[in-house]
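**Student:** Sequence:
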Amino acid sequence: MHRTGKRFVYILRSESNPSSHYVGLTSNVEERLAWHNAGPTGYTMQHRPWRVVVSIELADESAAARFERYLKSGSGRAFAKRHFA
Numbered sequence: 001m002h003r004t005g006k007r008f009v010y011i012l013r014s015e016s017n018p019s020s021h022y023v024g025l026t027s028n029v030e031e032r033l034a035w036h037n038a039g040p041t042g043y044t045m046q047h048r049p050w051r052v053v054v055s056i057e058l059a060d061e062s063a064a065a066r067f068e069r070y071l072k073s074g075s076g077r078a079f080a081k082r083h084f085a
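For the sequence shown, the numbering used here assigns the number 1 to the initial residue and increments by one for each residue that follows.
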């Protein structure tokens, strides 16, 4: 099943440790960035604050999830480094 509506794949860069990046999927990039910068859990808490490097809107959640998975792969990380660094 495909959910409709805006879906964004985004890449964050840590301002405290610029070699640290985070790739995610959301329907609202601004809210998600605020959550990562305030959230009390996980990887993003350890490297706060974050800023958005790029956000890319995709047609549906399925396409966005596939692109997010790709960006988390070795070749996807290399692609992101070449095109979004």
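Each hint should be verified, as a subset may be incorrect.
[Claimed, not checked] Lysine to any residue pairs mimicking SDA-like chemistry, simulated, CA-CA at most 25 Å apart:
#	residue 1	residue 2
1	K81	N28
2	K6	V53
3	K6	R66
4	K6	N28
5	K6	S16
6	K72	H83
7	K81	V23
8	K6	A63
9	K72	L25
10	K6	Q46
[Claimed, not checked] Label pairs and their in silico Cβ distance ranges:
#	residue 1	residue 2	range
11	A34	S75	14 to 22 Å
12	P18	S62	25 to 33 Å
13	R66	N28	16 to 24 Å
14	E30	F84	25 to 33 Å
15	W35	K72	32 to 40 Å
16	A78	P40	14 to 22 Å
17	E15	A59	28 to 36 Å
18	S20	H83	15 to 23 Å
19	S16	D60	28 to 36 Å
20	G5	W35	29 to 37 Å
21	G74	V54	15 to 23 Å
Hint data in this document are derived by calculation from the structure and do not stem from the laboratory.
For each residue, glycine too, the CB sits at the ideal point set by N, CA and C.
**Student:** Hint by hint, note whether the structure agrees.
**Tutor:** Checked hints:
no., hint, in the structure
1, K81 x N28, "holds, 23 Å"
2, K6 x V53, "holds, 19 Å"
3, K6 x R66, "holds, 15 Å"
4, K6 x N28, "holds, 8 Å"
5, K6 x S16, "violated, 30 Å"
6, K72 x H83, "holds, 15 Å"
7, K81 x V23, "holds, 12 Å"
8, K6 x A63, "holds, 11 Å"
9, K72 x L25, "holds, 12 Å"
10, K6 x Q46, "violated, 29 Å"
11, A34 x S75: 14 to 22 Å, "violated, 31 Å"
12, P18 x S62: 25 to 33 Å, "holds, 32 Å"
13, R66 x N28: 16 to 24 Å, "holds, 20 Å"
14, E30 x F84: 25 to 33 Å, "violated, 18 Å"
15, W35 x K72: 32 to 40 Å, "violated, 19 Å"
16, A78 x P40: 14 to 22 Å, "violated, 32 Å"
17, E15 x A59: 28 to 36 Å, "holds, 31 Å"
18, S20 x H83: 15 to 23 Å, "holds, 18 Å"
19, S16 x D60: 28 to 36 Å, "holds, 34 Å"
20, G5 x W35: 29 to 37 Å, "violated, 19 Å"
21, G74 x V54: 15 to 23 Å, "holds, 19 Å"
Checked against the numbered hints given earlier, the structure breaks hints 5, 10, 11, 14, 15, 16 and 20 and satisfies all the rest.
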